[in-house]
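Visitor: Start from chain A and add chain B according to the hints.
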Amino acid sequence: MTDLPLVLELTILVLAALLGFEVISKVPTMLHTPLMSGANFIHGIVIVGAILVLGTADDSFTKVVGFAALVLATANVVGGWFVTDRMLGMFKRRPEPKRDEADG
Amino acid sequence: MIAALSQTTVNLAYLVAAGCFILGIRFLSSPRTARLGNLLSAIGMVIAVAFTLALENVDRYAFVAAAIGIGAVIGAAGARTVRMTAMPQMVALLNGAGGGAAAGVALAEFNRLARLGDLPGDTLTAVLASTVLGGLTLTGSVVAFAKLQELVRGRPIVFPGQQLVNAVVIAAAVGLAIAAGATDETVLLGAAFVAAAVFGILLVLPIGGADMPVVIALLNAFSGLGGVGAGFVLDNNALIVGGALVGASGTLLTLLMAKAMNRSVANVVFGAFGQIEAAGDGRGVDGATVRATTPHDVAVQLSFARKVIIVPGYGMAVAQAQHDIGALADILEERGVEVKYAIHPVAGRMPGHMNVLLAEAQVPYTQLYELERINPEFPQTDLALVIGANDVTNPAARSDRSSPIYGMPILEVDKAASVVVLKRSMSPGFAGIDNELYVDPKTTMLFGDARESVLHLITAMKDN
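Each protein sequence line maps, in turn, to chains A and B. All residue numbers for the first sequence refer to our numbering, where the first residue is 1 and numbers rise by one. All residue numbers for the second sequence refer to our numbering, where the first residue is 1 and numbers rise by one.
These are computed hints drawn from the structure, not numbers from a lab. Nothing here was measured: the structure is a model prediction, and the numbers come from that model. Quick reminder that beta carbons are idealized off the backbone N, C-alpha and C, glycines included. Do not take every clue at face value.
[Said to hold, decoys possible] These stretches of chain A come out as covered by chain B in the derived footprint (C-beta under 8 angstroms, 3 or more residues):
1) 5 to 19
2) 26 to 34
3) 49 to 58
4) 67 to 73
5) 76 to 84
With the rest of the complex left out, here is chain A (with noise of 0.2 angstroms):
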């Protein structure tokens, strides 16, 4: 692994969270829940961490670890984006023709 000086990931870490809360101050109070859950899924990134640690797994500890570490995260991933989606995929934006003559 690349030996990244601390500084450096500072300076990452706190030019993304300025970033992140200038981005995120744009979403509107009604799309609070679907941000959640985006950012929610977004912390799957965790999936990274779990894939390099299991993936280069010497002993059983790291094994059993890293398995389970790899399991909720991929939960989390998986799980975070579905949940997202559906609630996204509801949000209408025209009003819907009357209800009458939509179903038949």
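Guide: Below, chain B alone, put in the same frame as chain A:
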């Protein structure tokens, strides 16, 4: 091996992924582009995962595939079958999973580095942070899930000396983590994880069900920080950026919601002990009578109204009445009545909870209004229809200093010409106090399950 990519190549891929995440959230700024934004985030995730799998030293593919397979099935099954009203607890659970994963990653990596005797000091803090934060997020989220799913009492669970116990446990967790760092003993870090997990339970247990939205946002922020920590441990940019985004989102939402309830975050998390009891019950409304009404009478009122504002709350979610309310609104609009929805920021169990439910009922989001925008319209409203919302409509928040909800901005339903409240019974809302709105002379109560009441209303409207 699938491929043998260098770390540099993979890091570049992480940069692209990070960009996708940030743009994905940017697109969440409007309902039209929101779904595209989610797709973009997914693309970022796929890129990050694919390139990681192709990294040159990753090769335990059997394990990896198995774990991914299991996790995917669990995640997909859960996400597809959960009802919209249970979304908040689903998000809580997923958040816990993410936090647990971060802690697991930190633990495993600590173990590996410790055995090699190669634990750099700067990584140490990150490992400790991830493990402790991840641990408490995991269990805290499960408790939040249990409270919302009503497997556990919604009321705060309080016991004497609780503050002290909590302080001791978290100190133990941190202490053990530091000790682990000093001695390179994985066992100690494992113990720290367990202590943090216990703390997570103790932390969330005393918080009332009504405050869960804030707690979930807070746990989201914590798990984001845990992800950042894991990123520092693995020197992984994708984790750092992703964790930062989630942390920022969680923090912002926590602050926004606390503000919407006019309480500090500390008050929400630690205030359960005195909040309900010591603050008193506010001015009681015992002795004053409420006026009950019938669907027929309400239908008549509705037919003569020119402007109606619907105020949904958790009761609507529980009764799954959102579709029927949408149908009722359609009928009203066919008759030329102006219909708007007033959404209080903490109505329901999550920020935007009501919006999601109403969207599911195909209510156009253009009809949903936030508190600041809709409050000035109540004085010109003929009828305010309150469905399963309680504390967010209680005028005591404006005037009664002894009330636990004093100072919380409310929907000024009492300024409408007349008010009809749909409620199951006279039992108090989550704040556990009486609502002065109900004994106001212009208010009538339509008792019964929200869904049934609305269906009766629809029938009555059609007869009129």
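Visitor: Against each hint, give a clear statement of whether it holds in the structure.
Guide: Results for each hint:
By the rule of at least three residues with a Cβ nearer than 8 angstroms to a Cβ of chain B, the coverage given for the region 5 to 19 of chain A holds, with 7 such residues. Under a criterion of three residues with beta carbons nearer than 8 angstroms to beta carbons of chain B, the stated coverage of the region 26 to 34 of chain A is upheld, 9 such residues being counted. Judged by the Cβ-Cβ criterion of 8 angstroms, the region 49 to 58 of chain A is covered by chain B as claimed, because 10 of its residues qualify and three suffice. Coverage of the region 67 to 73 of chain A by chain B holds [criterion: at least 3 residues with CB-CB distance below 8 angstroms; count 7].
Counting residues of the region 76 to 84 of chain A whose CB falls under 8 angstroms from any CB of chain B gives 9; the rule of at least 3 is met.
Comparing the model with each earlier hint shows no violations; every hint is respected.
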